[in-house]
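Here the protein sequences come in this chain order: A and B.
According to my numbering, the first sequence holds residues 179 to 348 in order.
According to my numbering, the second sequence holds residues 53 to 330 in order.
Worth flagging that the hints you see were computed from the coordinates, not collected in a lab.
Because the structure is a prediction, the values reported are computed rather than measured.
The beta-carbon is built from N, C-alpha and C at its ideal position, and this holds for glycine as well.
Treat each hint with caution, since some may be false.
From the derived model, a few chain A residues whose C-beta atoms are all more than 12 Å from chain B [to be verified]:
| # | residue |
| --- | --- |
| 1 | L182 |
| 2 | R183 |
| 3 | P227 |
| 4 | T228 |
| 5 | L268 |
| 6 | Y279 |
| 7 | A282 |
| 8 | S309 |
| 9 | F315 |
| 10 | I324 |
| 11 | V328 |
| 12 | G333 |
| 13 | H337 |
Lysine to aspartate or glutamate pairs mimicking EDC-like chemistry, simulated, CA-CA at most 16 Å apart [unchecked claim]:
| # | chain 1 | residue 1 | chain 2 | residue 2 |
| --- | --- | --- | --- | --- |
| 14 | B | K158 | B | D195 |
| 15 | B | K130 | A | D267 |
| 16 | B | K158 | A | D226 |
| 17 | B | K130 | A | D226 |
| 18 | B | K158 | B | D211 |
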Amino acid sequence: MRWLRFAVLVLVAAILQTTFVDMIWILNANIKPDLLLILLVFFAVRCDPTDAVIASFAIGFAADLASPTAGFMGPRILSFGVFGTLLNDLHNVFAIQRLPYQGAAIFVMGIVTALASHLLVYLRAEPAGFSIARQCFWQPALSGVIGPFVFLPVGWWMHMNGSRRRRPRH
Amino acid sequence: MTGKWVKTSKRMTFTYCVLGGLIFLFSPASVTGRLQLTYARLFSWPLSVGRQVTVASRTAPVSETGRTIDTHRQLQDKLAELQVQHRKLRNHLANREAQLDEAQRKIDELARLRSVPEWNRMSFQQAGVISLTGQAQSELMVDRGQDDGLAVGQYVLGDLSMIGVVSAVSAQTARIKLITDPTSRIPVRVEQLDARGVMEGRGSGTAEISQVPARQQARPGDRVYALNTPGFPGVPIVAAEVVDSRRDPDNPMLWSIRVRTVCDIANLTSVAVIISEK
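The shape of chain A in the complex, shown without the other chains (with noise of 0.2 Å):
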C-alpha cells in the first residue's frame, strides 16, 4: 500500500467533494456523487484486510474533517470504518470486479453508512436536516453510477488496477 499516495488521494477527493462536486448535479444541487465513498469501496475491495481497515477509517476521517455532521467529528469515521472493513471481510466471500456489481457495493455502502452516521450523530446530538430520500437513495446511486469509472484513474493512480483476490473456485 502506498500511503503517500493514498493520502495524497484521499485529500484531493477531501478538497474536489466541498468544491468542485457541488458543480455535478442532478435534478437536484443537493444530490452530487460522494467521491469519499467512491474510494471507500475501493480500498475495501483491493486492499489488505489490516489496509482496508486503515484505509476505511481514515476515509471516514477524511470525511467527518470536510463536511463535519452536526459540527462535530466521529459519525463517519465509525461508519466507513466499519462498514468498509465489513465489505473487505465480504469481498472474501466473493469477489466484486464488474462493473454493475460494483455500482452496486457503492450504492449499498451509500445507504448503510448514511444510516449509520445518522444513527450516530444521535448520541450527540438530534441531526437536523436529514433527507432520507436524497441521503440514502439519491446520492448513493448517483455515486454508484459514477464510482465504477473513477475506480480506473483511482487504480492507476495507485497501481492497484485489478481486484486483490479472486473468488475462490471450487
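Dock chain B against chain A, hints included.
The following block gives chain B in isolation, referenced to the frame of chain A:
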C-alpha cells in the same frame, strides 16, 4: 504463524480505529472544531478557488433544464422582491392619501373663506384647536402663535362665524377668548331688528345683548352680526343667533336678548385668525 499474526493485527487495528472513532465522536466540539479549522486554514487556497469556480459555474446553466430551473428561481426571487416593494408602495400611498385629504380639507376651508368677496382682502392663518379651556369653557388654545403672525386683538373665525379674539399669544401657541367669555364685550347688530348693542359673554356657550332699543321683540334664530371695530375686516360677520329675549325690568322700552354662538365650538377642530387687511 504469520497469517495468525496478520489476522490478530487486523482485529486489533480495527479495535484501535473504532476506539479512535469513539473518542472523536465524544470529544468536545471545540476540540474537533479546531481540527476542522486547521484543515480549512491549511487548504484555504484550493478550497477558495474551488468555491469560486463552483459559484461561477452556477451562473452558467449546464442544460436546458438547469437553465429553466435557474430562471424559475430568479423569477421567484424577483417576485418576492416585488412583493416587498408593493407593500412599501401601498403603505406610502396610504400615507400620501391621508396627507392629501388633510391638505384638501385645509384648501376647502380656505376656499370657503374666500367665497365671501370682501374677505379676499383679508389674510387668514389656519390654526388647529388644542383644547377648550377656561372656567366657563370660554377659551380656546390653538397651535399657532407669534411665529405665525398672530397677535393679541385679532379676530378669530370658526365655521365662517366670528367666535372670539386672540387674548394672549406665545411663540407657537395662542389663547382665544370666545365671545361667550364673561369678560368679552363686542359691539353687535341684530339684523332683523336693525338694532345695535354690546354683546356680553355669559359663559356656557351663551351671551347677552342688554338694553337694546327696539320696537319689537327679537325672534329666536335671528342673526347677530359683529360690528366694525379697529382690526375688524370691515364686513359684517355673523357671530351669534338669538335664543330668546325679554324686556328690561328697569326700562320697558329696552330689550335684553340672550344669544348663542352659531358655531359648534365644542367640536371645533380648527379656526381661522384674521391676520391683517391686504
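| said: Of all the hints numbered above, which does this structure not satisfy? Sort the numbers upward. | reply: Numbers 3, 4, 15, 16 and 17 - these are the hints that the structure violates, sorted from lowest upward.
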